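Colleague: Here's the letter readout for the chains.
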Amino acid sequence: MEWHRRNVLGLSDFHPEEMEFVIDTARSMEEVLTRDIKKVPALRGKTVVNLFFEASTRTRTSFEIAGKRLSADVVNFSSGTSSVTKGETLLDTARNIEAMKPNILVVRHSASGAALFLSRHVSCSIINAGDGANEHPTQGLLDLYTILKVKGKIAGLKIAIVGDILHSRVVRSDLHSLGRMGAKLWLCGPAPLVPREMERTGAVVTSDIREAVRGADVIIMLRIQLERQKTAYFPSLREYSRRFGLNRDVFSLAKDDAVIMHPGPINRGVELSDELADCEHSLVLRQVESGVAVRMALLYLLAGGSHVAH
Amino acid sequence: MLLIKGGRVIDPASGRDEIGHLVLEDGKVREFLTGEAPARFQGKVISAVGKWVVPGLIDMHVHLRDPGYEWKEDISTGTRAAAAGGFTSVACMANTNPVNDSPEVTRHIIEKAHREGYANVFPVAAVTRGLEGKEMADFSELADAGAVAFSDDGKPVENSLLLRRAMEYVRPFGYLILSHAEDSVLAGGGAAHEGWTARKLGIPGIPSVAEEVAIARDILIARQVGGKLHIQHISTRMGVDLLRMARRAGLDVTGETAPHYFTLTDAALEGYDTNAKMNPPLRGEDDRMAILDGIQDGTIDAIACDHAPHEAYVKKCEFAAAANGIIGLQTSLPLSLSLLAGGKVAPARLVELLSAGPARILCLRGKGTLAAGADADVTVIDPEVEWEFGPSDVLSKSMNSPFLGWKMRGRAAATICGGRIRHVTIAGVTADA
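Residue numbers (the working numbering), protein chains in the order written: chain A, 1441 to 1750; chain B, 387 to 819.
Everything labelled a hint here was simulated from the structure, so no lab data went into it.
Being a predicted model, the structure only gives us computed values, none of them experimental.
Beta carbons are placed, not taken as given, at the ideal position from N, Cα and C, and that holds for glycine.
It is possible that part of the hints are untrue.
Straight-line C-alpha distance at most 25 Å; calculated SDA-like pairs for lysine to any residue [as the list claims (entries may be wrong)]:
#1 B/Lys702 with A/Phe1674
#2 B/Lys586 with A/Asp1718
#3 B/Lys414 with A/Ser1452
#4 B/Lys586 with A/Ser1452
What the simulated footprint calls covered on chain A by chain B, stretch by stretch (three residues with Cβ under 8 Å from a Cβ of chain B suffice, anywhere in the stretch; the number is not a length) [claimed, not checked]:
#5 1535-1544
#6 1629-1641
Next comes chain A alone, as it looks inside the complex (with noise of 0.2 Å):
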């Protein structure tokens, strides 16, 4: 298949088709991190920028190693040591940038929608590496590609997502790349946090942690994030654990082969208990894997790489 995208932005607008040819590339990236020199020429000579408006190490760290991985000049701008904290505007930040002439931008921002502002406004490449509630695209393909290892399908799976649905990024790409590959999805949490409208996008929503594990495939747990929720959703952490967090009680309603997966950081003991996190059902270092593949597998489409370099 020929990869005509500028921008990966989302996944609501990918075919399915062209999810599995970037998994098809990313088995390649893949290849290439089992050798023993990890790096392969591919981007050469271009220049990748992690435009973080938001605080991240893992995802940016990913990209970073998956563009160097690739060859490709990386440079990381945060928001911390920017001039974003003099006010200057999204807009003038990324022109700015776009002026040095990178290839690609690889945007995070807590604004639902900034990826797409700013793809219409520059004319370099941009990945969205997370925008607000939004989309977090490279994960959606992530956690495709991880499940597709294990299970080697996604058809006909019941997969439930356990956590704060309302203000998850990672849910709305999932919901892309997993229930357009045919999966069964449950989305869980509490009543506040997972709005009614969801249903929409033919997801069972429930409050019951324990309907929702039961004959589960896959179960992907969200972090619960305090630090977004200016008011309280629900009473304490104390309680939500006590409804809405995965243990081996809860757990052994799934399926025996059931798997766990968690796009990080984990709160220990609150979403996810102590041993299940470290258990042998858990694919949580799997995804982490998985997600340098993907990224590199973008970053090297959008380079305009047509032929899996092998």
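Given chain A's structure and the hints, the job is docking chain B onto it.
Modeller: Relative to chain A, chain B alone:
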């Protein structure tokens, strides 16, 4: 002297809807004539054949941004846009800088409008000093300076006791409080209607209930003190229902909506269009239908566009950071005319909503009617002309409209304010200086 001949004169205040000729003299309506037009007429003549001749349109809710934000709009450009849109009068909100909470600001607006305006400007002064919601403004002094009503528009009067006292205090003087009905705690920092679109786009929601509890509260306070009250920019189904209920209970409560609430829904936010961002937000289709019902059955008293000009850069940014509001004076009439399609809203009812209604609510003497002796404020409407609202049409200083590029039907062919032609598109007729 000005003769407007051969038009369909629609004046619900005097029960008139017939073809005839209108004679204006010395800033007043002199007479209405039927039959042959006067053969020799000493003065300008406008042919209004095939057009409507209606009392000058009144928009009771605009932001002219003057004083203090003249880069967004000023009294001259704002009233120029008003005249082009068919409006001969506008009521401007108090969230200027300084806030219109003193007679000096009220007088500044009136005097500047007198010098530079293309339409009558009726200032609305603040309910609370500095719009801070803490102390009442000096109502009588402001009214004497020319304020026609009081509103903290842009934000609600959150303190229920303060609102109660204000409504109670002004009741004996007949002053009117216009309410921006919003429970800001329930609105919770949202940026779009809490519905599917906001959920999908990951935009924090403003639930309908944030408007509804505030409307209910305001109506119940009005009931408690026997005061009168006007609800601004109603956007929800329950908001319309509450107004209907209040009226049935015999309360002196009126309400307005804006063209965008009966024209658009939150679906317009797709792609994070910041020109579809305003407060209250665009609601769902069910709300839009309820607004249409309210317009049709007489529950809603006025259409007011909430003209809210903003410079490009406060809209050209990420959605959450974008300013609220859109310009509306030049699109209000054509969008309202679209209500005629299907015959559910009659032309006379439309004139009610755009002229007689607001004149009655704000007690603007001599406005909202074409009866002999009324002010010579007249709008000639071409209800059929098809045109496209493009950037070059915008007379406002700001371009923040979701309707740019829209195909419109109908617009003002001539706007006459105090007997002076302030806007005209009829061949052979020129505007007065």
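Colleague: Compare the structure with each hint and give your call.
Modeller: Outcome of the hint check:
{"no.": "1", "hint": "B/Lys702 with A/Phe1674", "result": "violated, 36 Å"}
{"no.": "2", "hint": "B/Lys586 with A/Asp1718", "result": "violated, 33 Å"}
{"no.": "3", "hint": "B/Lys414 with A/Ser1452", "result": "violated, 60 Å"}
{"no.": "4", "hint": "B/Lys586 with A/Ser1452", "result": "holds, 10 Å"}
{"no.": "5", "hint": "1535-1544", "result": "violated (count 0)"}
{"no.": "6", "hint": "1629-1641", "result": "holds (count 4)"}
Figure legend: structure checked against the earlier numbered hints; hints not met, in rising order: 1, 2, 3 and 5.
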